[in-house]
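Asker: Here the protein sequences line up with chains A and B, keeping their order. Sequence positions in the first sequence follow this note's numbering and run 1 to 198. Sequence positions in the second sequence follow this note's numbering and run 1 to 159.
Honestly, the hints are just simulated from the structure, not real lab data. A quick note: this is a predicted structure, and the numbers were derived from the prediction, not measured. Glycine included, C-beta positions come from ideal geometry on N, C-alpha and C. There may be inaccurate statements among the hints.
Stated by the list, open to error - Ranges of calculated distance between the beta carbons of each label pair, as one might list FRET restraints:
#1 A:Ala-4 / B:Asp-68: 24 to 30 angstroms
#2 A:Ala-154 / B:Asp-51: 31 to 37 angstroms
#3 B:Arg-138 / A:Thr-42: 51 to 57 angstroms
#4 A:Asp-10 / B:Ala-44: 23 to 29 angstroms
#5 B:Val-70 / A:Gly-58: 44 to 50 angstroms
#6 B:Arg-43 / A:Arg-193: 46 to 52 angstroms
#7 B:Ala-133 / A:Arg-116: 53 to 59 angstroms
#8 B:Val-11 / A:Val-59: 19 to 25 angstroms
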Amino acid sequence: MTFAPDIADDELARLHGHLVARAAADDLLDVAYRTLDSPVGTLLLARTPAGLVRVAYGVQDHEAVLTALAQQVSPRVLEAPAQLDDVARELDEYFAGRRTTFDLPLDLQLLRGFRRDVVLHLPDIAYGRTASYAQMAQLAGSPRAVRAVGTACALNPLPVVLPCHRVVRSDGTPGQYAGGAAAKLTLLDLEARVGVAA
Amino acid sequence: MVKEPFERVVVQHGATVLRVCRAVVGPVDADDAWSETFLAALRAYPDLPPDANVEAWLVTIAHRKAIDVVRRAARHAVPVAEVPDRVITPQGRDLDLWAAIAALPTKQRQVVAYHHLGGLPYDDVAALVGGTAAAARRAGSDGVATLRRTYPVIDQEES
Numbered sequence: 001m002t003f004a005p006d007i008a009d010d011e012l013a014r015l016h017g018h019l020v021a022r023a024a025a026d027d028l029l030d031v032a033y034r035t036l037d038s039p040v041g042t043l044l045l046a047r048t049p050a051g052l053v054r055v056a057y058g059v060q061d062h063e064a065v066l067t068a069l070a071q072q073v074s075p076r077v078l079e080a081p082a083q084l085d086d087v088a089r090e091l092d093e094y095f096a097g098r099r100t101t102f103d104l105p106l107d108l109q110l111l112r113g114f115r116r117d118v119v120l121h122l123p124d125i126a127y128g129r130t131a132s133y134a135q136m137a138q139l140a141g142s143p144r145a146v147r148a149v150g151t152a153c154a155l156n157p158l159p160v161v162l163p164c165h166r167v168v169r170s171d172g173t174p175g176q177y178a179g180g181a182a183a184k185l186t187l188l189d190l191e192a193r194v195g196v197a198a
Numbered sequence: 001m002v003k004e005p006f007e008r009v010v011v012q013h014g015a016t017v018l019r020v021c022r023a024v025v026g027p028v029d030a031d032d033a034w035s036e037t038f039l040a041a042l043r044a045y046p047d048l049p050p051d052a053n054v055e056a057w058l059v060t061i062a063h064r065k066a067i068d069v070v071r072r073a074a075r076h077a078v079p080v081a082e083v084p085d086r087v088i089t090p091q092g093r094d095l096d097l098w099a100a101i102a103a104l105p106t107k108q109r110q111v112v113a114y115h116h117l118g119g120l121p122y123d124d125v126a127a128l129v130g131g132t133a134a135a136a137r138r139a140g141s142d143g144v145a146t147l148r149r150t151y152p153v154i155d156q157e158e159s
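Excised from the complex, chain B in its bound form:
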């Protein structure tokens, strides 16, 4: 099995990783998390075994980078009188979805991000978020049940 040029990794998995980042850290910080994820992946890529599951590897890196981004944001958070303008460009149609996901409890949000958006098996998700695979599965189905209520369009998007 040959190592693909990294460009193909970005093309094949860029959108998935961005969905995961948006779900975990929200649309504003998702760009940072995405960039940090792919930069770290590019750095480590030569040492990745050729038969590795690249998407699972990327989602795992995205989890770590999301934590970093949230920590950094918390460190730099200062009260301001006016909220400065920021360029946020998620599509209008999906704005409600990201808001609905953001409203989930942390663990549910993480499981929805890593399993339902990122395709990571529950065993691997549990290794990232703690607890058992069964608990991750329950958190995921609770999260999806809530999303079905708060964002009904989701069923039409099921693939």
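Chain A on its own, in the form it takes in the complex:
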């Protein structure tokens, strides 16, 4: 015989909150995450004690992204929205057109080699401007690695914050994007509108 008397969801939520607070105090909160509603869908935001480590679109499958973080960073992963208040605030400001650059500590541990070089040069493209994949290849120091730039952008662990959406095809069409073509257009439109108004 087994039986399972009811446990209320709000009691578990309260206990979860205590656990997160104690985990943070004991340096056991290796990866904290939350979701954020935005004009480009629900974003997953994850941070380590060092800084923001991952931003993911819904189409990238948040559960799969969390599983990958558990393998690549640490399995000590907890939903801890308050730990990401600063990130959520800056992203809200960005989507509202009130912020053009991010001022957040970043954890770049998911980036290595050429992909890291490319992604770190993304903020060189100013808000409201675009660069071609070929120009990015040049910026990253490997002018012929145009295709690799495309891969680096597609695998950017910090989309929106590190603006891979500003990298477009040489003919000016947006090209592909980790969050889907529509999300890329939304971000480029937002920046064009705000950039003109400024």
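With the hints as your guide, set chain B onto chain A.
Answerer: Coordinates of chain B only, in the frame set by chain A:
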């Protein structure tokens, strides 16, 4: 087999561990036991083999933490003229069940908590509470027989 994010461990097993804690230490100290259990589990989680039975592992930790909580409570227990208010929020419907479980002899209560509420096999329960698996099984069925008398609703909750 991949290691799940710890959040999923909490979501999947949080309620079970809370039932076990309530049965073993009672509703008042159960929150402490739950928190200590999951904090210890979070600490040790990276070293847990990926194919381990996570729920059995958690129930085992809960057993140890329950003992700690009871010991600590006994150490700090001082006679008071008035019992201070404490926030106790188990559901009304199940209050009688926790009271009925609390009234069981210790070993029966532990077996009911670890096996019937926590899903731990009798072999593992025996390793925690001492004695043989057969003795644990007997203590469990005695405990359940008593609960059937003192808390008849239990049969309707059987799953």
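Asker: Hints first: check each against the structure and report whether it holds.
Answerer: Hints and how they fare:
no., hint, in the structure
1, A:Ala-4 / B:Asp-68: 24 to 30 angstroms, "holds, 25 angstroms"
2, A:Ala-154 / B:Asp-51: 31 to 37 angstroms, "holds, 33 angstroms"
3, B:Arg-138 / A:Thr-42: 51 to 57 angstroms, "holds, 53 angstroms"
4, A:Asp-10 / B:Ala-44: 23 to 29 angstroms, "holds, 28 angstroms"
5, B:Val-70 / A:Gly-58: 44 to 50 angstroms, "holds, 46 angstroms"
6, B:Arg-43 / A:Arg-193: 46 to 52 angstroms, "holds, 49 angstroms"
7, B:Ala-133 / A:Arg-116: 53 to 59 angstroms, "holds, 55 angstroms"
8, B:Val-11 / A:Val-59: 19 to 25 angstroms, "holds, 23 angstroms"
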